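Residue numbers (my numbering), protein chains in the order written: chain P, 1 to 201; chain D, 1 to 263.
If you are wondering where the hints come from, they were derived from the structure by calculation, not from laboratory data.
It is possible that part of the hints are untrue.
Reference excerpt, derived from the structure (chain P facing chain D, CB under 8 Å, subset only) [claimed, not checked]:
hint: 1; residue: L39
hint: 2; residue: F60
hint: 3; residue: R86
hint: 4; residue: R139
hint: 5; residue: R182
Just so it is clear, the structure is predicted and the values come from calculations on it, not from any experiment.
Even glycine gets a Cβ: it sits at the ideal position worked out from N, Cα and C.
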Amino acid sequence: MVHAAARTVSDDSTLVLAMTKGDATAMSTLYDRYAPNLLGLALRITREQADAEEVVVDTFAQAWREASRFEAGRGSVAAWLATIARSRALDSIRSRTRRGRLSDAAAAEGAATDAPAMGAPLASPVANVIADEQSRRIRDALMELPDSQRAALDLAYFEGLSQSEIAERLGEPLGTVKTRVRLGLRKLRELLTALAPEGYP
Amino acid sequence: MSESSRHPMHELVEEYVLDLLDDAERVAFEARLAVDPALARSTASAREALAAAALSTPVALPAGLKARVMATAVDQPADEPVEPRVIPMQPARRSRAPLWLGAALAASLLVIAKQQRDLAREREATASAQALAARSLDAVTQRDSMIARLTDPAIELVTLAATGDAKPSVRVYIDQQRRRAMVSVASMETAPRGQAYQLWFFVDGKPVPSVTFNPGADGRALVQDVTLPAGTVTATAVTQEPEAGSQAPTSPALFVGAVKAGK
């Protein structure tokens, strides 16, 4: 759904099932489908090419290892991979912070006022964004969100901040942040449901 | 809108998929998630939306990355599937003695001479006394062992919070090293006829069935040597289930608690 609208969810699930049986070709196909998207996500969170590539490696390693735990009834393969990648990417930046490689200035760079909004293309070393109609439409939908809601979602998803930390970062009351997060994601679901070609979950 | 879709947990879907809930909220949400299909659908939808947005910026892949991925991933062993299992609490002891044995025993008793009866009674009384002493010794040994285990610094005490108005307390002592747990319940009403309380451990956000139990007339129950399921246990919960236990929760969680060591 994310990278090619025509692909069905069952195709992906079949690949994951094959991975549980040690089928490396299935893994290779899954990589071809999702690695560009996962690297984009990892870059958005880590902001470093080397770290982002490591996240992609770790993501597929974990997917291979835990393929037997994937349940198609609980969500798509894309969502499963995105959840793994986000978690590994947040681990990466937290580890980097602990190692002291991330200066306060660099950390502050992640503030919502400076950070690219969710879905905005990155100016990265590999910012050669692949033309993909579905991805473009999703990004367009994201831009329909009010800036304040998108900023709250950005900080929660890409920086892994708690709602209290988001409130502090944005200088807004906690209740306001909670409302923005909730409304932002609900609005996003509505927008994506509207543009899904085969019925969005 | 259905009854289940009006459950307060539906208001927390967005925070849940963004990992914004605190421990107690997350555990309560996951306990509800396990028994509420509408909530599961809504959560999946929110997760899909978030993933679609997060994956909407594909970038060109550097040369060599695929080779690294394949070499790293495929060379490692895959996890074995997690098999849920039910561990019955204090399984009822069933006599394996065939009927003919009882009949033979009864017949033999009939031919015991009266003069032997008193001696038999004395022996029986002695055996009973010895058995009682052995049970007492076992109980003391078990209590000492339990005290030793509970005072071990490695033991994590998880106090399960009631999700409703229930007043009882449920505490689960978790020993991650030995993969064992103990459940202590107080002030809990006996479950209705044909029903029992069932303990669940959450692994990968999914409930894995564990022991069933029922408190006595004093409202107390103690279940020892409960085996932890494979995987990382992040939470535990109690539901009311059919007496034989369930493979998946059939009712909302009455009590939930997060396991810190599982994170």
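Handout entry: Violated hints - listed by number, lowest first
Key = none
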